[in-house]
Amino acid sequence: DTAVSQTPKYLVTQMGNDKSIKCEQNLGHDTMYWYKQDSKKFLKIMFSYNNKELIINETVPNRFSPKSPDKAHLNLHINSLELGDSAVYFCASSQVSGTGYTFGSGTRLTVV
Amino acid sequence: DAKTTQPTSMDCAEGRAANLPCNHSTISGNEYVYWYRQIHSQGPQYIIHGLKNNETNEMASLIITEDRKSSTLILPHATLRDTAVYYCIVRAREPQKLVFGQGTRLTINP
Numbered sequence: 001d002t003a004v005s006q007t008p009k010y011l012v013t014q015m016g017n018d019k020s021i022k023c024e025q026n027l028g029h030d031t032m033y034w035y036k037q038d039s040k041k042f043l044k045i046m047f048s049y050n051n052k053e054l055i056i057n058e059t060v061p062n063r064f065s066p067k068s069p070d071k072a073h074l075n076l077h078i079n080s081l082e083l084g085d086s087a088v089y090f091c092a093s094s095q096v097s098g099t100g101y102t103f104g105s106g107t108r109l110t111v112v
Numbered sequence: 113d114a115k116t117t118q119p120t121s122m123d124c125a126e127g128r129a130a131n132l133p134c135n136h137s138t139i140s141g142n143e144y145v146y147w148y149r150q151i152h153s154q155g156p157q158y159i160i161h162g163l164k165n166n167e168t169n170e171m172a173s174l175i176i177t178e179d180r181k182s183s184t185l186i187l188p189h190a191t192l193r194d195t196a197v198y199y200c201i202v203r204a205r206e207p208q209k210l211v212f213g214q215g216t217r218l219t220i221n222p
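Residue numbers (this note's numbering), protein chains in the order written: chain P, 1 to 112; chain Y, 113 to 222.
Careful: at least some of the hints might be erroneous.
As the list claims (entries may be wrong) - Derived, one-sided and incomplete: chain P residues facing chain Y with beta-carbon distance under 10 Å:
hint, residue
1, Y35
2, L43
3, K52
4, L54
5, I55
6, E58
7, V60
8, P61
9, K71
10, A72
11, T102
12, G104
Just so you know, the hints here were simulated from the structure itself, not pulled from any lab data.
A virtual CB, placed ideally from N, CA and C, is assigned to each residue, including glycine.
Here chain P stands alone, though its shape is the one from the complex (with noise of 0.2 Å):
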């Protein structure tokens, strides 16, 4: 199936601890995304890769730290986990000569 998967689906982990989030798409895309849904549901673009090179950061804490080894993955790496990094994580993939956005289905993240 032609898509953009998430791995994994759900995440509980401690605070302080670090975590890596892992997402491909098989659509051809050349551009990605890493977006964050907090509790109050909105919906906050954190991060975009275009053929590996990082073309926005959002203000985003240092301790997240995406890597995008070719233009069909971009992985998202958190150090020192705290609880307000509890959301659901989603990735996004497009084209830039296209038109809508692809997202995955999501990683809850949970920190206690």
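Start from chain P and add chain Y according to the hints.
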């Protein structure tokens, strides 16, 4: 990117047309109107977009006023599965950044 104003919530009866309004009075000439929806606990889903002409696809129709200051998303025969939060977003093709507002929570009632 221009800001949009949408009603917080709407209800519609199953089988009827759902008309979701959006105001974007500060839209620029190079900005498109996009609609997305988010069904509970899922990732947002692209519905439709347009610049100034009305658009229709298998999911919905988009009506943009002649002055482009407002638009309406039409779901012609709403079903229970159309219950979701609908986001109206205006943005230029570049930069590639989709900014979500609070959207309209549409509830389809049996």
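Checklist entry - Close enough to count: is the Cβ of P/L43 nearer than 10 Å to one in chain Y? => result Hint on P/L43: holds, closest Cβ of chain Y at ~4 Å, below 10 Å.
Checklist entry - Taking 10 Å as the limit, does the beta-carbon of P/I55 come near enough to a beta-carbon in chain Y? => result holds, 7 Å
Item to check | chain Y contact restraint on P/K52 - CB to CB distance below 10 Å | outcome: violated, 15 Å
Item to check | Closest C-beta approach of P/T102 to chain Y relative to 10 Å, hint status | outcome: Constraint on P/T102 satisfied, holds at 7 Å.
Checklist entry - Given P/P61 was flagged as interface, is its beta-carbon under 10 Å from a beta-carbon of chain Y? => result Cβ of P/P61 sits 19 Å from chain Y, so the hint is violated.
Checklist entry - Does the interface hint hold: is P/A72 within less than 10 Å of chain Y, judged Cβ to Cβ? => result Result: violated, 17 Å to nearest chain Y Cβ.
Checklist entry - Should the interface hint for P/L54 be scored as holding, given a Cβ-Cβ cut-off of 10 Å against chain Y? => result Since the shortest Cβ distance to chain Y is 13 Å, the answer is violated.
Item to check | chain Y contact restraint for P/G104 - C-beta distance below 10 Å | outcome: With a closest approach of 5 Å, the P/G104 hint holds.
Checklist entry - Hint check: is the beta carbon of P/K71 less than 10 Å from a beta carbon of chain Y? => result violated, 14 Å
Next on the checklist: Given P/E58 as an interface hint, is its Cβ closer than 10 Å to any Cβ of chain Y?
Outcome noted: This interface hint holds because 9 Å falls under the 10 Å limit.
Next on the checklist: Given a cut of 10 Å on the nearest C-beta pair, is the interface hint for P/Y35 held or broken against chain Y?
Outcome noted: Constraint on P/Y35 satisfied, holds at 8 Å.
Checklist entry - Can P/V60 be said to touch chain Y, with a Cβ gap under 10 Å? => result For P/V60, the interface hint is violated, since the closest Cβ of chain Y sits about 14 Å away, which is over 10 Å.
In this structure, the hints that do not hold are numbers 3, 4, 7, 8, 9 and 10, in rising order.
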